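Chain residues, written in single-letter form:
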Amino acid sequence: MTTKPELSKNIDVLPGLAALALFAAMAVAILSANFGPIQGFEAGAAITRSIGYALFNLERAAPVVTSEGFLMPFLAVAFVLDAALGAAVMLARREGGEE
Amino acid sequence: MIESLTFALFAVVTIASSLGVVLVEDVWHSALFLGAALLSVAVHFLLLKAAFLAAVQILVYVGGVLILIAFAVMLTRDPGGVGE
Amino acid sequence: MVGAFDFAAAIPMLPFASFVVAILAGYFTPRLLPKGGAVPGIIATGGSLLLSGWLMVTVSGTEHYYNQEIYTWTTGLAGETFDLSFGLLLDPLSSYMLVIVALISFLVHVFSLGYMNDEGETGLPRYYAGLGLFSFSMLAFVMASNILMAFMFFELVGLCSWLLIGFWFREPGPPSAAKKAFLVTRFGDYFFLIGVVAIFATFGTGLFAPRGDELGFPQLTAEALSGEMAPVVADFLGTIGLEPQTWFALIGLLVLGGVIGKSAQFPLHTWLPDAMEGPTPVSALIHAATMVAAGVYLVMRMYGFYAQLPRILALIALVGGFTALMAATMAMVKREIKQVLAYSTISQYGYMMLALGAGGYVAATFHLMTHAIFKALLFLGAGAVIIAMHHNENMWDMGGLKDKMPVTYWTFLSGSLALAGIFPFAGFWSKDEVLYEALIHGLNDPILLLAYAMGLIAVVFTGFYTFRMVILTFHGEARTETAEDPGSVRWNVKFPLVVLGTLAATVGVVNMAPVKELTGWDITYLHHWFESGIQTVTLGEYHHLLESAAGYHAADLAPFLPAALSLGLALTGAGLAWILYRGPDPTAHTDKLGSIKTLLYNNYYQDEYQVWLAEGVTMPLAQVADKFDQGIIDGVVNTISSLALFSGSRIRRLQTGRVTNYAAMLTLGLVVIVLVVALIGGWF
Amino acid sequence: MVVETQYYVLLSAAMFSIGVFGLLTRRNALRFLMSVELMLNAANINLVAFSAQWGNMTGQTFSLFVLALAAAEVAVGIGIILVLFRNFRDVDVTEPATMRW
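Protein chains in written order, with our numbering: chain H, 88 to 186; chain V, 22 to 105; chain Y, 136 to 819; chain C, -10 to 90.
Chain H extracted, bound-state conformation (with noise of 0.2 Å):
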């Protein structure tokens, strides 16, 4: 049986004025900021090979686009997954269970 969404009824928005007021700043700057016309990629830039490279750090010559070097954070992120398991698994392992 599907339901139709239905709007929340008891949202206390008086906290939500801060989100209002956070977005409302924003948008006044980024309006009134100027980014300069768009660069963009060369045309036929092979985007995703790109990625790659900078993620090992492979020097490669055009058109590949620049980047900078990405291997000691991937290297980082791997462990932060590794311990997000860990972690994950710790907490929904019951407690005093061996299971």
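These aren't lab readings, by the way, just hints derived from the structure by calculation. As the structure is a prediction and not an experimental result, all values here were calculated from the model. Incorrect hints may appear among the rest.
[What the hints assert, rightly or not] DEER-style ranges, computed between Cβ atoms:
id, chain 1, residue 1, chain 2, residue 2, range
1, H, R136, C, L58, 22 to 30 Å
2, H, K91, V, L26, 24 to 32 Å
3, V, M95, H, E146, 47 to 55 Å
4, Y, G804, V, F92, 32 to 40 Å
5, Y, L803, H, N144, 22 to 30 Å
6, Y, G783, V, F92, 40 to 48 Å
[What the hints assert, rightly or not] Covered by chain Y, according to a simulated footprint, are these stretches of chain H (three or more residues, beta-carbon under 8 Å):
id, stretch
7, 100 to 107
8, 134 to 143
We put the beta carbon where it would ideally sit given N, CA and C, even for glycine.
Chains V, Y and C: place on chain H using the hints.
This is chains V, Y and C only, laid out in the frame that chain H set:
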């Protein structure tokens, strides 16, 4: 021109489904709205020439994270009453 | 080449080693400690004596003097502040003093064998450890090359005196006497400490004598007063805005506080008679060579500084003369033999101060040495008497001991003659020189003349109380059963007595100024001794300073008349005592003095007024301060803390524990940051 | 015709603010998690938009890390929510307030 139109359309979709995520009563509906929002973000990625990222967005978010959330929603359903 | 200077550090370290041995062995293996620690102590102080003698020979033979830093324990910022270090200053004065200290300390150790071991005292390792530490402190104090090191060992000497005076801590008297000695001398030392800080602040150095290019503070003072002020001194004086003469006098006064406390000068002399509660050898050590001598020695060590301050010198002379007179009057009526000796010590150190104040540097050092010898002799002799009398110290219970203990009698008599200043014993030459110096300088200065007059009158009293003591103790008939049949003493008591007795009779030979005048023989060895030394720390320099800076001029006067005068007065006093107390059963003539005797016997109520000062003035002040501290200072602190607690208990309600609230605050903070950055960056 | 970067940034700001709004107004822990996902995606849009703006790959590559981190965050978050539910039979974030003063 077509790009601007696509952007406008999907911007509306993104905003609308994001609002849906936070405003609807049922968590399950929220999760579905989240899926819609994430998918529309993938479209924005495509517009920005980030095809790979769009694919990853769909695979990881919609295929992974959303499934996890859906599981969590179902696991935390109050057995007796309606959600939230 | 290895010389005496290389072993100089061993002179104090040997007694220190005996202290360590006595402490450790006494604590862990008391059975292994021979004679309760006496043997290591005797070996150590004997070694110190030999090394000191060698050092003295080395110093006399060469023009090389030793003034070196041996250990820097705090390094200052280069060019801005100063280093704090230990150093050795080995010159004629310190080597001379080292021999005296080591000799007395050695003999006291030997004597202790008879006084403590043979009497079956307990706690001997503690006793000998105290003696070792005492000797170590004093020897190191004597060798100190800067005033901070001197201060540290000065304090250590005070600590040791506390330990040893309170040796019999189970009885009621000694602990309180020890406390009194400690507190009274500490009262003076507060001023000394401030003086040390002032010296370092003013001169940036605490050196007594120049070392290489570094000048000592007396030399800096001389430069400052002669107009060539060193930059550091000029800076400091500019900061505090005082005339150099005034400020240096202030420093001199502050340091003098420590001297007056340690050397038991009026008005801080009250601790010394009480210190008689300690074992008699300790009294000998304290009075003759260590504790009390430390104060006077300090003035000698920095005499180049004091010699430029005429007002302080006059004050020193006045205090010295007054103390000499006052203590001598009090000594006349005491019943206990050691009390008489205690007051005579105060009186004799008064003479030394008088000499120093009157510009008689050599006279003071000379009297310090002769006094060390005859006072140690008298105390050890009194100790022998006390052993014989089974620890009864009342002279009225003695009498007739002359025939029963002849060695003690003759040596004691030698010391007494020296103390009274009877020709030709050592004390005559030194006291005569003291008075002569005071007189020739006093003829140009009424204050010094007053001090001289007091010192001269004290001579009569000295002769009187000395012979009253001798006659009551040794002459006449035995007045109690104990005196009929006194205990016996062994070689370890007699040996120090004989050594010191011989010295007391003969040591005056080192400086017979009147004989030189009379015969032209040059036997003022001590003058020549102090003529040499590190430049600017010699007798010649001191004379120059006294004449140029302090304006002291010696009147031209032959020494015979003053000498004859003081000798005559001493003989008068002694003869008076002889007339009054001779015969088999003397009467207590001092009772005829009536209320004056009561006044004298109660030491002019000095103790009472000091107790009144403590209880009537200091206590209420302290209570007010306590109220201020508890009420206002603590009140402010408590108020601040309770304010913090209260506001904390309110503010912590911000911490609701709800994520939503924290997120709201984060968001608002972000809004504020965005607005601020935008406004500053001019985005709007 | 290429869309101005400004509008992407505006879109991302809107999405972010909606996430914040959800965080501030709702009490369900799961919706918290979803709001955080929205905010992370908003950040990703920004990154990718500026990557296109400057013709540089750094933004896109970095957004991959954001994705990875989001996945990890969801895994841990869901673990926490499950523990929360086990302990309180509810996923209301105002319930577990025992650690406050």
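Do the hints match the structure? See the list:
no. : hint                        : verdict
1   : H/R136 - C/L58: 22 to 30 Å  : holds (24 Å)
2   : H/K91 - V/L26: 24 to 32 Å   : holds (29 Å)
3   : V/M95 - H/E146: 47 to 55 Å  : holds (48 Å)
4   : Y/G804 - V/F92: 32 to 40 Å  : holds (35 Å)
5   : Y/L803 - H/N144: 22 to 30 Å : violated (41 Å)
6   : Y/G783 - V/F92: 40 to 48 Å  : holds (44 Å)
7   : 100 to 107                  : holds (count 3)
8   : 134 to 143                  : violated (count 0)
The structure fails hints 5, 8 (numbered hints given earlier, in ascending order).
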